[in-house]
Amino acid sequence: MEQIIAAVRDFPGALVLAPEPGGDFPELAWGDAFFYYAPDGRLPQNTQPYGTVVTKNLPGDTASDLDPPGRWRVNIHVGRTTFSELTGEGAHDHAVADTVLPHPVYGAHGWICVVNPGPRTTDAVLRLLRAAHDDARARFARRHAHRGGS
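This note's numbering numbers the first residue of the sequence shown as 795 and each following residue consecutively.
Hints in this document: simulated from the structure, not taken from any laboratory. Be a bit skeptical, because a hint or two may be false.
Unchecked claim - Listed next, the in silico SDA-like pairs over lysine to any residue satisfying Cα-Cα at most 20 Å (straight line): (1) Lys-850 with Asp-826; (2) Lys-850 with Ile-799; (3) Lys-850 with Ile-798; (4) Lys-850 with Gly-816; (5) Lys-850 with Gly-817; (6) Lys-850 with Phe-828; (7) Lys-850 with Asp-917; (8) Lys-850 with Gly-873; (9) Lys-850 with Glu-883; (10) Lys-850 with Pro-863; (11) Lys-850 with Phe-819; (12) Lys-850 with Thr-893; (13) Lys-850 with Val-810.
Let the sequences and hints guide you as you build the complete structure.
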């Protein structure tokens, strides 16, 4: 998990939000990480992260069985075309580790996930996070060009 978070921190313009106990974010987010393109270092308003790391089951999102110690999941917005190429059709066991899967809740919106990336998926996860970061940077540039740079 730390390898993936560190890699994203090295992307130009990346903001990694990692809420901890005692901070401004709800306890539900503690221990997780949220990836944004934010070249000014400020949390973007009205923008979803392009990737996340979650370390526990969340309300309505328990299919990956993240509560046992050592289990976590990286989630990446890849878009619908890449999503279809990566996940195919049919049923999926969302608790299986080191396998690219549709996100159990947000798959229909172009999100994939990997529980405990390992030898089979770490390189792909890093490549997909880089692509998602580049897509977020392009969206940022379009928004700011449209606003006249403000």
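Fill in: Holds or violated: Lys-850 to Val-810, with C-alpha atoms at most 20 Å apart
Judged against 20 Å, a Cα distance of about 18 Å means the pair holds.
Worksheet item: Within 20 Å, alpha carbon to alpha carbon, are Lys-850 and Phe-819?
Response: holds (16 Å)
Worksheet item: Going straight from one Cα to the other, do Lys-850 and Gly-873 come out at no more than 20 Å?
Response: violated (24 Å)
Fill in: Hint consistency between Lys-850 and Pro-863 [alpha-carbon to alpha-carbon, up to 20 Å]
At roughly 9 Å apart (the allowed maximum being 20 Å), Pro-863 and Lys-850 satisfy the hint.
Worksheet item: Taking only the CA atoms, is the gap from Lys-850 to Asp-826 under or equal to 20 Å?
Response: holds (8 Å)
Practice prompt. Take a quick look at whether Lys-850 and Phe-828 sit within 20 Å of each other, Cα to Cα.
Written response: holds (14 Å)
Worksheet item: Regarding the pair Lys-850 and Gly-817, is the alpha-carbon distance no greater than 20 Å?
Response: Holds, at roughly 18 Å.
Worksheet item: Are Lys-850 and Asp-917 close enough, with their CA atoms no more than 20 Å apart?
Response: violated (23 Å)
Item to complete: Sort out whether Thr-893 lies within 20 Å of Lys-850, counting only the CA atoms.
Response: Since the Cα atoms of Lys-850 and Thr-893 sit roughly 18 Å apart, the hinted pair holds (cutoff 20 Å).
Fill in: Pair hint outcome, Lys-850 versus Ile-799 [Cα-Cα no greater than 20 Å]
Distance ~17 Å between Lys-850 and Ile-799 Cα, so the pair holds.
Practice prompt. Sort out whether Glu-883 lies within 20 Å of Lys-850, counting only the CA atoms.
Written response: Status violated; Cα separation ~26 Å.
Worksheet entry | 20 Å Cα cutoff - pair Lys-850, Gly-816 | Between Lys-850 and Gly-816 the Cα gap is close to 18 Å, so the pair holds against 20 Å.
Against the hints set out earlier in the document, violations occur for numbers 7, 8, 9.
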